[in-house]
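**Q** Take these sequences, add in the hints, and give me the full structure.
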Amino acid sequence: MKIAVSAMGGSLSAKVDPRFGRCAYFVIVDSDTMKFSAFSNPASELSGGAGPAAAREIVKNDVKVLLTGSVGTNAKLALEAGEVEIVTGIEGTVKEAVENYLSDK
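Reminder that position 83 of the sequence shown reads as 83 in my numbering, one-by-one numbering, no gaps.
Hints listed in this document are in silico derivations from the structure and should not be mistaken for laboratory results.
Each statement offered as a hint is correct.
What follows is a set of in silico ranges between Cβ atoms, one per label pair, in the way DEER data are often shown: (1) G48 - S103: 33 to 43 Å; (2) L46 - G69: 10 to 20 Å; (3) L102 - S47: 30 to 40 Å; (4) E80 - P18: 12 to 22 Å; (5) A81 - G48: 16 to 26 Å; (6) S103 - E45: 30 to 40 Å; (7) G9 - G89: 15 to 25 Å; (8) E96 - S37: 17 to 27 Å; (9) G69 - S37: 18 to 28 Å; (10) K64 - G10: 13 to 23 Å.
Note that the Cβ used here is the ideal one computed from N, Cα and C, for glycine as well.
**A** So, in structure tokens, the structure goes:
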């Protein structure tokens with residue numbers, strides 16, 4: 001399963017970015033192998049509509065779970081339409097966030 005984390009950098013040791021729509025990076029982790037890919041958030045510099053634009057990127061990458069600090073209403077609606085589980089209030093590193101999510105399942 002693919003898990004996306006809003007992050008301040010493009011690695012497992014990067015801190016979770018508390019912002020979803022304007023986060024610097026998304027790190028996508030395979031929950032079975034912990035292999036990951038990262039890409040800079042193309043929506044981070046938009047003057048408006050960053051949340052829904054970021055949500056489209058997450059859905060486009062076949063992500064099933066999003067771990068982040070917070071998500072705005074429009075982004076939440078777009079993620080829910082793409083059947084992405086949203087978990088907010090996440091802190092720590094990307095690796096810690098994923099491991100904590102998986103251990104709580």
